[in-house]
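Just so you know, the protein sequences line up as chains A and B, in that order. Mind the numbering: the first sequence is residues 1 to 218 in our numbering, read in order. Mind the numbering: the second sequence is residues 1 to 232 in our numbering, read in order.
One thing to keep in mind: the hints can contain errors.
DSS-like cross-link-like pairs, simulated, lysine-lysine; straight-line CA separation at most 25 angstroms [claimed, not checked]: (1) B:K218 x B:K232; (2) B:K74 x A:K156; (3) B:K218 x B:K43; (4) A:K169 x A:K121; (5) A:K121 x B:K89; (6) B:K71 x B:K134; (7) B:K218 x B:K74; (8) A:K124 x B:K218; (9) A:K148 x A:K121; (10) B:K134 x A:K124; (11) A:K170 x A:K148; (12) B:K89 x B:K75; (13) A:K170 x A:K156; (14) B:K172 x A:K121; (15) B:K71 x A:K124; (16) A:K184 x A:K156; (17) B:K186 x A:K124; (18) A:K170 x B:K75; (19) B:K172 x B:K223; (20) A:K124 x A:K14; (21) A:K148 x A:K124; (22) B:K186 x B:K161; (23) A:K121 x B:K43; (24) A:K170 x A:K149; (25) A:K121 x A:K14; (26) B:K172 x B:K75; (27) A:K124 x B:K142; (28) B:K186 x A:K121; (29) A:K169 x B:K142; (30) B:K161 x A:K124; (31) A:K184 x B:K172.
Some residues of chain A that are not near chain B, with every Cβ distance over 12 angstroms (derived) [what the hints assert, rightly or not]: (32) Q7; (33) Q72; (34) V123; (35) K184.
Below, a sample of chain A positions facing chain B; criterion: calculated Cβ distance under 10 angstroms [unchecked claim]: (36) E47; (37) Y82; (38) E189.
None of these hints come from the bench; they were simulated from the model. Please read all numbers here as calculations on a predicted model, not as lab measurements. Cβ atoms here follow ideal geometry from the backbone N, Cα and C, with glycine treated the same way.
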Amino acid sequence: MALTREQLAQRVAKELRDGYYVNLGIGIPTLVANYVPEGMDVMLQSENGLLGMGEFPTEETVDPDLINAGKQTVTAATGASYFSSADSFVMIRGGHVDLTVLGAFEVDQNGNIASWMIPGKLVKGMGGAMDLVASAQNIVVTMTHANKKGESKLLKECTLPLTGAGCIKKVVSDLAYLEIHDGKFHLVERAPGVSVEEIIAKTEGELVVPDHVPEMTF
Amino acid sequence: MGGFNKVVSNYDEALEGLTDNMTVMVGGFGLCGIPEGLIGKMKTMGIHGLTCISNNAGVDGFGLGLLLEDKQIKKMIASYVGENALFEKQLLSGELEVELTPQGTLAEKMRAGGAGIPAFFTPTGYGTPIAEGKETREYNGKMYVLEESLTADFALVKAWKADTMGNLIFRKTAMNFNPMAATAGKITVVEVEEIVEPGELDPNHIHTPGIYVNRVIKGTFEKRIEQLTLTK
Chain A
1 MALTREQLAQ RVAKELRDGY YVNLGIGIPT LVANYVPEGM DVMLQSENGL LGMGEFPTEE
61 TVDPDLINAG KQTVTAATGA SYFSSADSFV MIRGGHVDLT VLGAFEVDQN GNIASWMIPG
121 KLVKGMGGAM DLVASAQNIV VTMTHANKKG ESKLLKECTL PLTGAGCIKK VVSDLAYLEI
181 HDGKFHLVER APGVSVEEII AKTEGELVVP DHVPEMTF
Chain B
1 MGGFNKVVSN YDEALEGLTD NMTVMVGGFG LCGIPEGLIG KMKTMGIHGL TCISNNAGVD
61 GFGLGLLLED KQIKKMIASY VGENALFEKQ LLSGELEVEL TPQGTLAEKM RAGGAGIPAF
121 FTPTGYGTPI AEGKETREYN GKMYVLEESL TADFALVKAW KADTMGNLIF RKTAMNFNPM
181 AATAGKITVV EVEEIVEPGE LDPNHIHTPG IYVNRVIKGT FEKRIEQLTL TK
């Protein structure tokens, strides 16, 4: 079975390490915060200018001056700090964030990512996505493996305008965990109950399949 | 101390000299940390042909969205403009020009503008449509894009507290783009929640020194929330 949104987040959460500073994008990446393993401390960075994002507030603690990059009201965790958007992107562009998780429309075998613009549809903007992928060393992309018509989103070459070039090395799709290097996708894990054949069929890009592909654990 | 007293008593004085076709940089992220009264004043002044530099364009009926109602903005330089139906309409009809800029590049363009640096190389956007037509250069095996900095005729800033000399303290994530905007305006106008006497703000805690600030006005703020999200 393909992973649910929650399972995707759970699998990504396995990439967390104690003491990591982490930036989570909007959508499924945000859910990763719900699966931080017990006993592990991570600090969430929000690119508008907050390091140490806490839970959503209550009616009593809600503060219009305290929001996240999705413009949702949030709280500050113990040890949090506030700073300008320029400083925020010093952290991001300067490679100081340990793990970046974001969604995508398409990823290709050369590590290119397209996530912000569909020609012919209204373009709302890239926000911080291009900066987030520009220098970070440890990026995980979460996405569905194929679109609703069953067409692969893991391609030989992205068809949509890029967000970043040659920057993606890890993809957690609803079918598999894959790594990208040497111009190829490498199948590392499959979602429980998903066959290697299905993953091959739904991956347009060049895919290296080892003899044994273990099922994901959560 | 009179020479350093930046306080103005009304919005006419605050925005004196702001005329048609000027470039205006406005602090804020979404509706958080925006100079509400100064934006409202721009609307009633009826100035047109503005180029606005701001991370977002407000929402319908609030923030910079107010200036769209009478088509006062000619060009918008922003990173994300998705929250606004009127914006969409004017963009599609060609009445409004938009220059989408990555958020970190926008912040750095403002910072560099205020710092007297005309352009800088950034890795952001290399290989994407944003880099088209721009100079690129390789440093240590990685490619970078030359981005030009931004300054403005007026910078409109929202801070939490100011002293009468224009030293500023921001509050929580309402800081966002405001400190950079403060440095990048030929005339920087700051709208604050509270004005105190010199010496009342601890110099250790000043975010933006008064040297960047020309005018300070005490505003009243609605602080509208864009996405109210509560713990269940």
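Structure-based check of all given hints:
With a C-alpha separation of about 36 angstroms, the suggested pair K218 of chain B and K232 of chain B falls outside the 25 angstroms cut-off, and the hint is violated. Under the criterion of a C-alpha separation no larger than 25 angstroms, the hint pairing K74 of chain B with K156 of chain A is inconsistent with the structure, at around 40 angstroms. Distance hint between K218 of chain B and K43 of chain B is fulfilled; the C-alpha atoms sit about 18 angstroms from each other, no more than 25 angstroms. Only pairs whose Cα atoms come within 25 angstroms are accepted, and K169 of chain A paired with K121 of chain A is rejected, the gap being roughly 28 angstroms.
Simply put, K121 of chain A and K89 of chain B have alpha-carbon atoms about 13 angstroms apart, close enough for the 25 angstroms limit, and the pair holds. In summary, the hint linking K71 of chain B to K134 of chain B is not supported, as the alpha carbons are separated by about 30 angstroms, beyond the 25 angstroms threshold. Restraint check for K218 of chain B and K74 of chain B: the C-alpha separation of about 29 angstroms exceeds 25 angstroms, so the hint is violated. With a CA separation close to 33 angstroms, the supplied pair K124 of chain A and K218 of chain B exceeds the 25 angstroms bound.
Between K148 of chain A and K121 of chain A the CA atoms are separated by roughly 18 angstroms; this keeps the pair inside 25 angstroms, and the hint holds. The suggested pairing of K134 of chain B with K124 of chain A holds, with an alpha-carbon distance near 22 angstroms, which does not exceed 25 angstroms. Restraint check for K170 of chain A and K148 of chain A: satisfied, since their Cα atoms lie roughly 22 angstroms apart, inside the 25 angstroms limit. The suggested pairing of K89 of chain B with K75 of chain B holds, with an alpha-carbon distance near 14 angstroms, which does not exceed 25 angstroms.
About 16 angstroms separates the Cα atoms of K170 of chain A and K156 of chain A, which keeps this hinted pair within 25 angstroms; it holds. Annotation: proposed proximity of K172 of chain B to K121 of chain A is violated, straight-line Cα distance about 35 angstroms (limit 25 angstroms). The straight-line distance between the Cα atoms of K71 of chain B and K124 of chain A is roughly 19 angstroms, inside the 25 angstroms bound, and the hint therefore holds. A distance of roughly 9 angstroms separates the Cα atoms of K184 of chain A and K156 of chain A; the hinted pair therefore holds under the 25 angstroms criterion.
Of the supplied pair hints, the one linking K186 of chain B and K124 of chain A is violated, its CA atoms being roughly 29 angstroms apart against a limit of 25 angstroms. Simply put, K170 of chain A and K75 of chain B have alpha-carbon atoms about 38 angstroms apart, too far for the 25 angstroms limit, and the pair is violated. Between K172 of chain B and K223 of chain B the alpha-carbon distance is near 13 angstroms, which keeps this suggested pair within the 25 angstroms criterion. With a C-alpha separation of about 32 angstroms, the suggested pair K124 of chain A and K14 of chain A falls outside the 25 angstroms cut-off, and the hint is violated.
With a C-alpha separation of about 22 angstroms, the suggested pair K148 of chain A and K124 of chain A falls inside the 25 angstroms cut-off, and the hint holds. This hinted pair checks out: K186 of chain B and K161 of chain B have alpha carbons roughly 22 angstroms apart, not beyond 25 angstroms. Distance check on the hinted pair: K121 of chain A and K43 of chain B sit about 30 angstroms apart at the alpha-carbon level, beyond 25 angstroms; violated. As the CA atoms of K170 of chain A and K149 of chain A are separated by approximately 24 angstroms, the hinted pair is consistent with the 25 angstroms bound.
About 35 angstroms separates the Cα atoms of K121 of chain A and K14 of chain A, which puts this hinted pair outside 25 angstroms; it is violated. The suggested pairing of K172 of chain B with K75 of chain B is violated, with an alpha-carbon distance near 29 angstroms, which exceeds 25 angstroms. With a C-alpha separation of about 28 angstroms, the suggested pairing of K124 of chain A with K142 of chain B is violated against the 25 angstroms cut-off. Of the pairs offered as hints, the one joining K186 of chain B and K121 of chain A is violated, with about 37 angstroms between alpha carbons and a cut-off of 25 angstroms exceeded.
Straight-line distance between C-alpha atoms of K169 of chain A and K142 of chain B comes to about 16 angstroms, which keeps the hinted pair within the 25 angstroms bound. Between the alpha carbons of K161 of chain B and K124 of chain A the distance comes to roughly 33 angstroms, so the proposed pair goes past 25 angstroms and is violated. Of the pairs offered as hints, the one joining K184 of chain A and K172 of chain B is violated, with about 44 angstroms between alpha carbons and a cut-off of 25 angstroms exceeded. Residue placement check: Q7 of chain A keeps its beta carbon more than 12 angstroms from all beta carbons of chain B (closest about 21 angstroms).
The beta carbon of Q72 of chain A sits about 4 angstroms from the closest Cβ of chain B, which is not more than 12 angstroms, so the claim that it is off the interface is violated. A Cβ of chain B approaches the Cβ of V123 of chain A within 12 angstroms, the least distance being about 7 angstroms, so the stated non-interface status is violated. Remark: the non-interface label on K184 of chain A is consistent with the geometry, its nearest Cβ contact in chain B lying 19 angstroms away (cut-off 12 angstroms). Checking E47 of chain A against chain B by beta carbon gives a least distance of about 6 angstroms; that is within 10 angstroms, so the hint holds.
Against a cut-off of 10 angstroms between C-beta atoms, the interface hint on Y82 of chain A holds, since the closest Cβ of chain B lies about 5 angstroms away. Checking E189 of chain A against chain B: minimum C-beta separation of about 29 angstroms lies over 10 angstroms; hint violated.
Hint compliance for this structure: hints 1, 2, 4, 6, 7, 8, 14, 17, 18, 20, 23, 25, 26, 27, 28, 30, 31, 33, 34 and 38 are broken, all remaining hints hold.
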